[in-house]
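Asker: Numbering (my numbering), first residue to last: 39 to 421.
Each hint should be verified, as a subset may be incorrect.
[Stated by the list, open to error] In silico lysine-lysine, DSS-like type, Cα no more than 30 Å apart, as pairs:
{"hint": "1", "residue 1": "LYS307", "residue 2": "LYS277"}
{"hint": "2", "residue 1": "LYS238", "residue 2": "LYS282"}
{"hint": "3", "residue 1": "LYS178", "residue 2": "LYS238"}
{"hint": "4", "residue 1": "LYS200", "residue 2": "LYS238"}
Calculated from the structure, these hints are not laboratory results.
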Amino acid sequence: MYVIADGKVEISTQCEDKKVIVATLGKGEFFGEAALLPAEPRGNTAKALTFCQLTVVNARVVEEELERVSPLLRHIVRTMIRRVKKKDDLLATYTHADFMPGVISYAHVLSLMAGAEAQAERGWRSQTEEVSVPLREVIKKCRAIAGHSRLHVMVMLRRMEKLNLISMEAGRSEFVGSAATRHNAPEGASDRQLVTFDPKRITERAHNVADQDLEVSVASELELIELNDLEALIGVERKMILNKLSRAEIAEDVFAFRKTKVLNYVEEKGITYFSRPARRAPGEVAALEDLEFVDQRSLFDAVSAFDTYDLAKMLVAMPDQSIADRLLGVMTEARKKEVSWVMRRDIKIDPVEVGDIEQRFMETVRTIRSSASAAGPAPVLGV
């Protein structure tokens, strides 16, 4: 053992041939305590980061001191050393380790296991897309082939589950197959769990994930996503996303602008492209979202001319609450109370009817705006 009298020492370990720093020690701290665990290999490497003064403590001296105390205290000390060693291994496994080559290897192992399982069950299940293998068998096979610890195997499988390559679930009584009947001995938690995957696609998908992971590791913070891809990823329509963005309802660290594109638009269309709202023709009201750009006077005339019950149904079914609030905001207090009273009642919503109501309301808005544009500004009369 070594006690640091002065200086700094780096403690590191190896995981998948990569160095992982688990601790940086300073004055008064010590390392090498694993020497008190007989017949256990050294797990960490110590490296001096600065000039160091170390006090060497013979492990035999510490053992003699431990012999003078109670057996309980000796057990506590050795247990704590083993626990720290295990946590270092766990930390190294979870941080800075390149999982992807291992993921591909594990995918090949699972594919081979699925082939053996299919041969054992030939004639009963030949066209199934997915197979289920007992977790215990997967751990056993991966440890035998890859030489990894049980902890490392579980970490890799959890990683594959997060990547949607496999799924792990509790075994079901209706699970049929040779794997279920071969293990009728008392089972542990891993025996009752199943690893489910698509044997025909798992290796291909693992390679695809590995290629994507390489790009992410190069510039994970700079990864961009197109609006169409964002729409598919989160299941929210692009119009809704753009509307929330325009109302500053999306955190600033979520979106970014391409500098070259911005400069190109400034050069071609000027600063006003970003500073002024686009002018819309009176007929450009094709969707409810376009009502955000309609003047309040036109909206007031439209809601005043519209049927109360139809207006209430449209507002209740409206997906964008901000548009509904804007329409309520242009009403008189009496009309707002009347419409709100209808909205609070349990009115039945027919999607077909609501769609027709929306089209009629937008047609009303277009008519009002067209009439206002044709009339032009009112003449100023002199006295």
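Asker: Work down the list of hints and note, for each, if the structure agrees.
Answerer: Tested hints:
no. : hint               : verdict
1   : LYS307 with LYS277 : holds (24 Å)
2   : LYS238 with LYS282 : violated (42 Å)
3   : LYS178 with LYS238 : holds (22 Å)
4   : LYS200 with LYS238 : holds (19 Å)
Going through the hint list in order, the structure does not satisfy hint 2, though it satisfies all others.
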